[in-house]
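Participant: Top line first, the protein sequences correspond to chains A and B. Numbered per the working numbering, the first sequence spans residues 3 to 118. Numbered per the working numbering, the second sequence spans residues 4 to 115.
Since the hints were made in silico from the structure, they are not lab data. Take these hints with a grain of salt, some might be off.
Claimed, not checked - Think about it this way: if two alpha-carbon atoms lie no more than 25 angstroms apart in a straight line, the pair counts; the simulated PhoX-like pairs of lysine-lysine are:
#1 LYS44(B) / LYS114(A)
#2 LYS41(B) / LYS114(A)
#3 LYS41(B) / LYS59(A)
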Amino acid sequence: GALVYQYPRRTICKSGTSMRMECQAVGFQATSVAWYRQSPQKTFELIALSTVNSAIKYEQNFTQEKFPISHPNLSFSSMTVLNAYLEDRGLYLCGARRDRVDERLFFGHGTKLSVL
Amino acid sequence: SQWGEENLQALSIQEGEDVTMNCSYKTYTTVVQWYRQKSGKGPAQLILIRSNEREKRSGRLRATLDTSSQSSSLSITGTLATDTAVYFCATDAGTNAYKVIFGKGTHLHVLP
Numbered sequence: 003g004a005l006v007y008q009y010p011r012r013t014i015c016k017s018g019t020s021m022r023m024e025c026q027a028v029g030f031q032a033t034s035v036a037w038y039r040q041s042p043q044k045t046f047e048l049i050a051l052s053t054v055n056s057a058i059k060y061e062q063n064f065t066q067e068k069f070p071i072s073h074p075n076l077s078f079s080s081m082t083v084l085n086a087y088l089e090d091r092g093l094y095l096c097g098a099r100r101d102r103v104d105e106r107l108f109f110g111h112g113t114k115l116s117v118l
Numbered sequence: 004s005q006w007g008e009e010n011l012q013a014l015s016i017q018e019g020e021d022v023t024m025n026c027s028y029k030t031y032t033t034v035v036q037w038y039r040q041k042s043g044k045g046p047a048q049l050i051l052i053r054s055n056e057r058e059k060r061s062g063r064l065r066a067t068l069d070t071s072s073q074s075s076s077l078s079i080t081g082t083l084a085t086d087t088a089v090y091f092c093a094t095d096a097g098t099n100a101y102k103v104i105f106g107k108g109t110h111l112h113v114l115p
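Extracted from the complex, chain B is given alone in its bound form (with noise of 0.2 angstroms):
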């Protein structure tokens, strides 16, 4: 497999607070993919991080990756209720770029 166990995980919390995902990955990868599914949805990419960058922003997210420990986190700041989903990172194949493959995803619910 291609992901750590710990990245399977369900986080609640209050709208306004702010709130960090986390991946790991075992193999090397080019560019590390955020993307949210909402309910009853596809999911759709939120960010996308290369290998020599350290940090991303875009609006209240913010995606870090440390390739020397091949994790990744997405942060999101001011949390709203409307972005209750799950957030899945995902990595290419390294030799095949093509190819995108999914972690286990992190359920985010924020309550109102």
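Only chain A is shown next, with the shape it has when bound in the complex (with noise of 0.2 angstroms):
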């Protein structure tokens, strides 16, 4: 089957630190990637997508200086929160993707991210 481990699954972090967020698809080759923070209303933001031979996409309001995301090969993607502070806290999932038949996305667990 297809299975995403995402780690940390929590992590604090002082205010203006930054912190660093894996994504592995086990099973599966991901071609796309999908990075989305999740509010405690349970409110999704879509930050960026990175699909294979294509340059990551950032959503408004997100940046690269801000969120740099790697994807080096098709099975493992990162995420850094760089400075982070309070206006970052949330739920950080990555949606990997298996390519452009399947629509599914799968979900790890997430990583939490408290600022301190």
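Please assemble the complex out of the two chains, which come individually in their own frames, going by the hints.
Facilitator: Now the structure itself:
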């Protein structure tokens, strides 16, 4: 089956510091990875979409300078939250997709970021 | 925003009852997916319905899609306490099928 492991599950960082989260696809090759942030009210924001053979595309209000993403191969992606502040708190989720035909996104448990 | 304001709601029902959740969207989509997110976990896809389909069934689930009104529904028959979760509909951006945009979600609480 298709599984996605995301780690760490939760992290606490001091205001102004950075933290990195990783996403591993197991049992399939992820031709695209979407990074989301989910608020405590459960609202999703799409941060960026990384697709094989295409540049990483960031959504409005999110930048590479703040949320650099690496997608070096078809099973791994990482994202860093640089200079985290209170407004960056939330559950960060990576959704991995097999290919263009299968529209399903497979998610891990997410990384819950708290900022002190 | 892709979504109508009516998407956010909370429902509390008794086990065994049927339930229908709705969502509406503003821009064209080629598919509507419904996801379920249980507490402490990421979303998991339940069912997908394409723009050329009006209805799709999978076990106790039934999804409908009305492209003229840009709305979709997910029905669950004979709910179980384990159906307690947040349910989201999700659309693609039309022009970029890799992009998946989630709606606000419905909190469903099924009482045992």
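Participant: It remains to establish, for every hint, whether it holds in the given structure.
Facilitator: Results of checking the hints against the structure:
{"no.": "1", "hint": "LYS44(B) / LYS114(A)", "result": "holds (11 angstroms)"}
{"no.": "2", "hint": "LYS41(B) / LYS114(A)", "result": "holds (15 angstroms)"}
{"no.": "3", "hint": "LYS41(B) / LYS59(A)", "result": "violated (29 angstroms)"}
Hint check: a violation occurs at hint 3 only; the rest are consistent with the structure.
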